[in-house]
Amino acid sequence: MSSIARLMAERTTQSWTSVPHFFVVREVDAAALSEAREKLGSAIEKAQGGRVTHTDVLVALAARVLVKHRA
Numbered sequence: 000m001s002s003i004a005r006l007m008a009e010r011t012t013q014s015w016t017s018v019p020h021f022f023v024v025r026e027v028d029a030a031a032l033s034e035a036r037e038k039l040g041s042a043i044e045k046a047q048g049g050r051v052t053h054t055d056v057l058v059a060l061a062a063r064v065l066v067k068h069r070a
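Read left to right, the sequence shown gives residues 0 to 70 (numbering that gives the first Met the number 0).
The reader is advised that the hints may include incorrect statements.
[Stated by the list, open to error] Computed Cβ-Cβ distance ranges for the label pairs, DEER-style:
1) F22 - H53: 15 to 23 angstroms
2) S17 - E44: 18 to 26 angstroms
3) K45 - A4: 35 to 43 angstroms
4) F22 - L65: 36 to 44 angstroms
5) L65 - P19: 25 to 33 angstroms
6) S33 - K67: 20 to 28 angstroms
7) T54 - A8: 25 to 33 angstroms
8) A8 - I43: 34 to 42 angstroms
9) S17 - K38: 44 to 52 angstroms
10) T12 - A46: 25 to 33 angstroms
11) H20 - V64: 22 to 30 angstroms
12) A61 - F21: 15 to 23 angstroms
13) S1 - L39: 41 to 49 angstroms
No wet-lab data here; the hints were simulated from the structure.
These numbers were taken from a predicted model, which means no experiment stands behind them.
Even glycine gets a Cβ: it sits at the ideal position worked out from N, Cα and C.
Please put together the full structure from these sequences, using the hints given.
Rendered as structure tokens:
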């Protein structure tokens, strides 16, 4: 392992052991999200050749909302 990789591993371990972490889990009905992904995904996949993920759709939706509601 190189010295940089070793240092990164040490810092990552230090972060996980010395800083408190918490996780928030929530169940949601994502049927509409999956439906939008399927509709948009097929067109984009044909045009661009890439795959559209749920994260892609969520980021695009969040960006649109933030533009409309700047506060």
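query: Is 22 to 30 angstroms a correct range for the gap between the Cβ atoms of H20 and V64?
result: For H20 and V64 the Cβ distance comes to about 28 angstroms; the hint holds.
query: Is the hinted range of 20 to 28 angstroms satisfied by the C-beta distance from S33 to K67?
result: holds (24 angstroms)
task: Look at the Cβ atoms of T12 and A46 and judge whether their distance stays inside 25 to 33 angstroms.
output: violated (44 angstroms)
- prompt: Falls inside 25 to 33 angstroms, the C-beta gap from L65 to P19?
  reply: Holds: the Cβ-Cβ distance is about 29 angstroms, inside 25 to 33 angstroms.
- prompt: Does the Cβ-Cβ separation between F22 and H53 fall within 15 to 23 angstroms?
  reply: holds (19 angstroms)
- request: Go ahead and decide if the range 41 to 49 angstroms is satisfied by the Cβ distance of S1 to L39.
  value: The hinted range 41 to 49 angstroms holds for S1 and L39, with Cβ atoms some 42 angstroms apart.
- prompt: Is the gap between the beta carbons of S17 and E44 within 18 to 26 angstroms?
  reply: Cβ of S17 to Cβ of E44: about 44 angstroms, so the range 18 to 26 angstroms is violated.
field: S17 paired with K38, Cβ distance criterion 44 to 52 angstroms
entry: Check passed, 46 angstroms falls within 44 to 52 angstroms.
query: Can the suggested window of 25 to 33 angstroms be confirmed for the beta-carbon pair T54 and A8?
result: holds (27 angstroms)
- request: Indicate whether the distance between the beta carbons of A61 and F21 respects the range 15 to 23 angstroms.
  value: With Cβ atoms ~22 angstroms apart, the hint holds.
Outcome of range test on Cβ distance (K45, A4; 35 to 43 angstroms): Taking Cβ atoms as reference, K45 and A4 lie about 40 angstroms apart, which means the hint holds.
field: Beta-carbon spacing of F22 to L65 - inside the hinted bounds 36 to 44 angstroms or not
entry: Violated - the Cβ-Cβ distance for F22 and L65, about 24 angstroms, lies outside 36 to 44 angstroms.
The structure does not agree with the numbered hints 2, 4 and 10 stated previously, though it agrees with the rest.
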